[in-house]
Each structure stands twice: as C-alpha cells, then as structure tokens.
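Here is how the chains run, residue by residue.
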Amino acid sequence: MARSIPTRTRLGFTLVGWLVGLLIFFPILWTVLTSFKSEGTAIATPPQFLFFQWTAENYAEVNSRSDYFKHFMNSVVISVGSTLLGLLIAIPAAWAMAFAPTKRTKDVLLWMLSTKMLPAVGVLVPIYLLFRDTGLLDTRIGLTAVLTMSNLPIIVWMLYTYFREIPGDILEAARMDGASLAKEIVYVLTPMAVPGIASTLLLNIILAWNEAFWTLNLTAAKAAPLTAFIASYSSPEGLFWAKLSAASTLAIAPILVLGWFSQRQLVRGLTFGAVK
Amino acid sequence: MATLQTRASARLMMTPAVVLLLLWMAVPLAMTLYFSMLRYNLLMPGMEEWAGFLNYRFFLTDPAFFAGLLNTLLLVGGVLAISVGGGILMALLLDQPFFGQGLVRLMVIAPFFVMPTVSALVWKNMLMHPVNGLFAWLARTFGLQPVDWFGQAPLFSIVMIVSWQWLPFATLILLTALQSLDSEQKEAAEMDGAGALSRFIYIVLPHMARAITVVVLIETIFLLSVFAEILVTTNGGPGVQTTTVTYLVYVQALLQFDVGGASAGGIVAVVLANIVAIFLVRLIGKNLD
Amino acid sequence: MRVRLCAVATCSAMAIAAFGTTGATAETLTIATVNNGDMIRMQKLAGAFTEKNPDITLEWVTLEENVLRQRVTTDIATKGGQYDIMTIGTYEVPIWAAQDWLVPLDFDADYDVDDLLPAIRAGLSIDGALYAAPFYGESSFVMYRKDLFDEAGLEMPEAPTWDFIGEAARKITDKGNEIYGICLRGKAGWGENMAFLTAMANSFGARWFDMDWNPQFDQPQWKEALQFYIDLMKDAGPPGASSNGFNENLALFQTGKCGMWIDATVAASFVSNPDESKVADKVGFALAPDNGLGKRGNWLWAWSLAVPAGSQKTDAAKKFIAWATSKEYSELVAEKEGWANVPPGTRTSLYANPAYQEAAPFADLTLKSIQAADPTHPTVDDVPYVGVQFVAIPEFQGIGTAVGQQFSAALAGQTTVDQALAGAQALTAREMQKAGYPK
Chain P
51 MARSIPTRTR LGFTLVGWLV GLLIFFPILW TVLTSFKSEG TAIATPPQFL
101 FFQWTAENYA EVNSRSDYFK HFMNSVVISV GSTLLGLLIA IPAAWAMAFA
151 PTKRTKDVLL WMLSTKMLPA VGVLVPIYLL FRDTGLLDTR IGLTAVLTMS
201 NLPIIVWMLY TYFREIPGDI LEAARMDGAS LAKEIVYVLT PMAVPGIAST
251 LLLNIILAWN EAFWTLNLTA AKAAPLTAFI ASYSSPEGLF WAKLSAASTL
301 AIAPILVLGW FSQRQLVRGL TFGAVK
Chain R
101 MATLQTRASA RLMMTPAVVL LLLWMAVPLA MTLYFSMLRY NLLMPGMEEW
151 AGFLNYRFFL TDPAFFAGLL NTLLLVGGVL AISVGGGILM ALLLDQPFFG
201 QGLVRLMVIA PFFVMPTVSA LVWKNMLMHP VNGLFAWLAR TFGLQPVDWF
251 GQAPLFSIVM IVSWQWLPFA TLILLTALQS LDSEQKEAAE MDGAGALSRF
301 IYIVLPHMAR AITVVVLIET IFLLSVFAEI LVTTNGGPGV QTTTVTYLVY
351 VQALLQFDVG GASAGGIVAV VLANIVAIFL VRLIGKNLD
Chain F
9 MRVRLCAVAT CSAMAIAAFG TTGATAETLT IATVNNGDMI RMQKLAGAFT
59 EKNPDITLEW VTLEENVLRQ RVTTDIATKG GQYDIMTIGT YEVPIWAAQD
109 WLVPLDFDAD YDVDDLLPAI RAGLSIDGAL YAAPFYGESS FVMYRKDLFD
159 EAGLEMPEAP TWDFIGEAAR KITDKGNEIY GICLRGKAGW GENMAFLTAM
209 ANSFGARWFD MDWNPQFDQP QWKEALQFYI DLMKDAGPPG ASSNGFNENL
259 ALFQTGKCGM WIDATVAASF VSNPDESKVA DKVGFALAPD NGLGKRGNWL
309 WAWSLAVPAG SQKTDAAKKF IAWATSKEYS ELVAEKEGWA NVPPGTRTSL
359 YANPAYQEAA PFADLTLKSI QAADPTHPTV DDVPYVGVQF VAIPEFQGIG
409 TAVGQQFSAA LAGQTTVDQA LAGAQALTAR EMQKAGYPK
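Chains as they are written, first to last, in the working numbering: chain P, 51 to 326; chain R, 101 to 389; chain F, 9 to 447.
Calculated directly from the structure, the hints in this document are not laboratory data.
One or more of the hints may lead you astray.
Stated by the list, open to error - Under the rule of at most 16 Å between Cα atoms (straight-line distance), these lysine to aspartate or glutamate pairs were calculated in the EDC-like manner:
id	chain 1	residue 1	chain 2	residue 2
1	F	52	P	183
2	F	327	F	59
3	P	120	F	59
4	F	87	P	111
5	F	442	R	149
6	F	442	R	148
Since we're looking at a predicted model, the values are computed, not measured.
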C-alpha cells in the first residue's frame, strides 16, 4: 500500500486534508470551546474564539445537577448490548444470504430493510402500550430489545455486503476438507469477516448511542441514557448554550474516544487484498 | 455452489432474524393498521369508535400533504447527493497519505456522534442565526449582508445540517471500500498510462458501487424519518416549506395525540417509503447481485 | 478465534446480567420536571424535604419542555404509571382534569390555598377544585431599553397602547448599528409565535372561535392584529424573525440588539442579571400593550405540579407538592439564594413582602400583568373555551402549530396577510370538522 509519494504532494494533501477536516469539525470544536465559556460570553458578538475567561463552571454545574455516570452506563449497556445481540442474530442470517442465496434472498433483504421504514413516531403508541403491558417501560432490557430490532436490518445488510466480498471458493475448499458448517463459520468465515464485523459493530454502537427517539420516549428515571441527559439541558427558559455544550461534550467524548481507538484497526483491517 | 444440506442449514440460520423481524414488524404494524381505522385520540379516552378510512382521507387530503411529500423527497435527495458526493471526495482525500491523517479522519467522522437535536440547536443559534450567529459575523466582517437562513432558504438549511450529520457515515463506508481496492490494480492502470480521472471512473467508481448502494439505502431509511432537526429549527415553517411527511405524522402523534391519524399517517409513510425503495432498487439494484 | 467468540459470549452475558434493574422501594417518588431554572433550584433544595421525610426518596426526570410534554402526556393517557408527580402547564390541567386523570389537591390550613393568585388558581381549577399546585407563574409584558428611549426622547408609559409601541419601535430602530426597535416571536409553534399572537389578538378584539366553535380568522379583528404585527416586524424587527422563539429573542435582547421585547415575565430576571446581560442596568418594564378595548395583550401561564390518578403514592406525592409550593419553600429559597430567586407569580403574600419587592424591581408589574389576565374570559367577545394564549382543547397543539406556520410564512414575506389568514381559517375549520366540533 505504501507507495512513495513526493513530499510536495504529501504536503499539499496535508494542507487540504486539515483544512477540510477542520471545517467539518468546526461546529463541534465550537461546541467544546463554548462549554468553557460563561453563559454571557457564549452569546457575545463578536464571537470570542480563544481569548476569553476560561471556566469549568458549566461542567461543575452539569455534574452537580445530573448523574452523568448513571446515564453513561445506561448508554453503554444499551448500545453495546443491542449491537452484540444484533450481531449474534445477524451473522448466521447474513452468512446464509451471502453464501446460499436463493431467488428470494434479495426480497428478504429488502423486506428486512423495509421494516425500518415505518416511522417510529407513528408506532409510538402501539409500542408504548406493549411495553406497559409487559412491564418493559423504563428498563434497560426493553430498550436493548427495541434497539436490537430497529438496527437488526442494518446489521444484516452491512454484514451481507461484506460477506459477499469473500470469495466462495475458499469456503468450498474448507468444505471439501470435511469441515462442518459450524467450523466453516468459526474458523474460515469469521476471521475473514472480522473487519466487516468490526466496522458493523462500531457503526451500530454509534447508531444506538445516538438513537434519540425510543431512548427518550420509553424511559423515565432508571434506564435513561445520555440522550435524556442532554435533553435536560436543551432549551430551557434562559441562556443555556454553555451548559448544553458542556453536556454535549460529555456525551460525545466517550464515543469519540472509542472511535479514536478503533478506527486504526477498522480502516487498516478493511483491505481484502490478501484474499483476492 | 450450495448443496441441499447447506440450503437447509442456511434457512435455519436465517430463521431467528426473520422470525424476530417478522414479529417486530407484524405486531406493531397490525396494531397500527387497526388503530388507523379508529377514531382514537389519547386525550379523549372512551370515545374510540370505528372510523373506516376517515383518518386516511384526512391525512391524504391535508393541504400540507403534497408539500410534505415534495419536501421529503427534496430533503432525502439533497442530503443523499451532498453526503454521497462529498463522501466520495472525502474518501479519496483520506485515502491519500498525509501528515496527521488519523486525526483528520477522526475529525471528519466526529459529526456522526452528535445527537440530532444538539447539532440542530448549535447550527441554528450559534452558527446560522442572522444576528448572533458566527456566519452572520463572518459575513459582516467581509462587508456582506448576513443571510437569513431559516427565513429565506429553510429547507436548504435543514438539508445542510442533516448532510453534515450524515457525511461522516458516507465517508467511513466509502473509505473502507476504497481501501479494499487492490493497489496493484490501480498501479497497473497507472502504468498503462491511464489518467487520474479515467482511473477514477473506470476502476475506483465501479469498485465503490456496492458501497455507494449501501450508503444510499441505509441513509434513505434514516433520512425518511428525520424530524428532530425540523422540530428544533423551524417547526415545519415558514408556511409548509419544511413540513415533511414524517413531520406531519409527528404532529398527529405527539402534538394532537391522535393515534388514529398518526397510525394512518404511519401506514401512508410506509407505503411511500416502499415505493421509494422499489424505485431505488430498480435504479441501483444490479449492484446488489 | 475461539477466544474471540467466547469474549462475545461473556460480554453478552454480562450485558444481560446488567439488565437487572434495582427494585424500587414503596416510597420512591418519580418526579418529571421541566428544565427551567426555578425547577432546577427546587431539585437542588429538595434535600430539605427528604431530611424531614426520610422515608421518601426522590428521583428526578428533568427534560426540556417539548420532550417533557410528549412524555408525560403519553404516559398519563396510556396509564403507563411511570411518574408520581408531573410538571404540567395551564394548558394541560383543564383537559386532563376533565378526564379524571389528576388527583384533586386538598391542602391543610397551613398551606393557605387562598393565598394563591386568583387568576393562576382559576386556570388550575375545575368547579372550584384545585388539580395542580402552581410552582411558578408568568404573564407577559414589555421589556425595553431605557437608554434608547431616552436618546429618542420617548417616555414609556406604564400601560402603553399598541400605537405607541409601533411608533416607538420604528423611531429607535437603527439597522446600521444593529438596533432593532422590537423583537417578537416568529418561530412557528403553538407555544412560540401563537402564544404571543393569540394574546396580542385578544387585545385587538379577535378570538379563535365564536360560541359555536366556528374559527374566526376571517374576521377583521384578526386581519388588523396580524397586519399590525407584520408591518411592525418588517419596519422594526430583526432579520430572521420568522425563526426566532423565546430563547433567540432573549439572546438578542441580552446582547443589546433589541429596543423592546414583549415576552414572558420570567425573562425579566434574565435580562436584568449582569452576569448574563450586557444591558442589565438599562432595562425598563411596562404592561403589555392594549388597544383601548379593555383587554391587554398579555398571557398567563403557570408551571404546576400535579399527581396522576394512577399513582400508588398519592399521599407522599401530595406531601411533596405541598412543600414545594408552600410559603416555607419560598423562604427557604430566599434564605439560600436570595429573594430574587424565589419562584414568582403564585402567591399574593410574596408580592406583599417588601424584601421581595426590593430584590425584584419588576415584581409589581409582574403581579399587575398576572392580575390583568383572565383565562376564563380571555377575549373581548365571549368564547366557548378557557385559556388566554391557547384554547384548552386537545386539538389545539396541532392546530396552533399549523396556524403558526401560516403566520410565520407571512412574516418571512412568502405569503400575504390575507393568504395566511385564509389558510389558517381553512385548516382550522378542517381540523375542527375532523375532531367532530361543535360538540
């Protein structure tokens, strides 16, 4: 992969890359900066970039007002739990679709995706009634189940597209060697599919982490994740930019850190070159 | 390649996903269908009665409905165009080796982690506000008239905000696809004297086709249900310029608490979404084979 | 690979184990509140309550207004039973109480229920029974910049007319220096522009419905009111007014961009707080304008605490509400955070208190504004509904928002006043027909 690139080109790309990156990142950077301002400075014109009175008072305020750790743990359990559960169900299904396709495979896939098209807000009441009757309101297990189901089509779809890229003859060879189906999946398919599974995992954790409809509407005090934590800082009567920024920064930070650590493996691992 | 035995086990392995999704879809869908035929408002209990297609009639004849349909298509289409187009460019850029690549990649992915309500609030008030926003300040610094984004180009403003949220997703998927491209293949083409542009058109783009399909389909699904951004910024106004079908369903469900109307709207939205899906599959379906 | 699979299995096992939620004790009160400053303060000070009632623990669900409203409404209507105390407004109380969803509140003599401001109490009662206890109340009034008025040689009367407001706004507007004569709500929404416009229209003699529930947007009073608003905003309003709500206007006023702002009385404490506001020492207050018809363009709202009928812990919940809305609580706030931070607009005794009057220079006008609003007779002509800046029927949130969209389009210059009114009339008539009015 490493081709020799003239330094000047490299510098050019560095410049453009950083420029574009900073531009896209700017709203978040601005949010983080704002979180260190006082409420008055946050709305000041002309805007204050770096030379203002830095303060941590917003973080102190957020910390004293809500139990960040509780919300954080709920977010972790719900997003990781629903993603793992989803993968467990989706890997076999995606495998079957990719390596033993029938005429209807595509229809099944599309049908799965279409289950996501029912606008959540239109089915809130049916789901709410079901949850009430099964005692799942405001429980982590209920939310995990809902998010598993709502992201399952995406997981199946993404895995399917990755599995499709794995050439069938390798599996065939394994089968010739007398490997059982289970072994085929565990020893042959999975290692090759790890990059795909990893990126599916990450993306779904993010999707579940940010899911703000079900997590807001089906929880109260106990299972509320970070989305509810943020909702307690947005748009009160009065100034709220700095506090909202602090709360958002706290909510974004963990998943950014996760992204930071995982992206290397994620992107490096995604070359199928060795197989082809 | 598939033998009878693998076929059978394939079916077995698909069963959990299919059955679960069937339940997940069938139960709420059946309830929704049933509710859509009722005069059923949460705030007026005890008055539920059979209404036939009344809810559908009211939803479909809503003067805002056609505007909503058009706005939905514009919103989805606009965001798709920006995020896929931008995503390809970003992927190409991030595929080049340069200093601090990892950090830039992370910065580009970051908007994906921001909750929709927060990003809408930040964009509306801190960046795009025509008096107090940063853009207005920039415009005035250069002696220009600040743009009243949500008054003059409300739908475009929302498309911008939503695109910003979805660009990272497109970039990430397309980048992974790009990096799985055999570098030998690229180099071979390079040796054959193919220019950068033709290399891109004949080798890179076809290779990314399936990834693009994935991005388009998955984004479409999520974009069809966008309403938090609209709620925070414009509440569907001015007029019906930012009213989408999903927003109409939201009004029925969480402002009117009209379960009957919301259910009918939900069913209409599903039908419309499926039409879009079928159209999409026709258009790009060959990439799925 | 086996290792990895096992890891997945353990992880999910752990995740499943972690699902177990802690069992709630019998006396845990789950309280849903809106995230406004006074409520946050109550949450902070609630330790004083739990100290006295060690058998009660409190769990807070604090949310922004819109999310809170959709959550508690869904919950109470489906009898979900997730909350023991709900924070609701004057819009919800009459509707919910009529459905027997709320427990009537009877307090002992110590509570001194007659001390509640009559206008506020009337909005929260049905047939004399109180269904929610007001935590803080607000009306709307004019906030203005004394310095700009002095410069322009104007003097704000205590009870201005719309004509004076219009004239003054145009006079102090200086768009080159980013001074806009008046900032008013324009963002579509039943609780945004329609709260302001409905209250304003009341003072022009307009009303939402006649006694047979026919929409009245085709009447001249509405046309006069809306035309006045649009012309005024075009001449003297800030750019982007069609997407400004309470918070956008607050930011504009605090950064010194507005000459006048007509909005909630609670904003007074924000604009005169020097930590937040650049113009803190230059703000004056006046009653909401009128048009000589006997009604002022001000609204009435009270965030109130209520007990849903499904709650198993009614007694504990009532105990807490009695504490949080008591005189004793006001004194507690005064002692810990100063009189200026006492929740306003609920009790007559607060306004009789000289310490409060001194700490809150806007107290007197707030009281007068609240007293000037009458939710049971909000308009010049008779109406079949309750509510000053809203119509307390379940359909109003949807209709109000749709009408608000029409009016914001007129403000953005995309439709004319006549088109907006015709659109509002048609859509309101349609929704009312769908809902089966007249009932």
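Hint by hint, here is what the structure shows:
no. : hint          : in the structure
1   : F:52 / P:183  : 34 Å, violated
2   : F:327 / F:59  : 13 Å, holds
3   : P:120 / F:59  : 24 Å, violated
4   : F:87 / P:111  : 34 Å, violated
5   : F:442 / R:149 : 14 Å, holds
6   : F:442 / R:148 : 14 Å, holds
Hint check: violations occur at hints 1, 3, 4; the rest are consistent with the structure.
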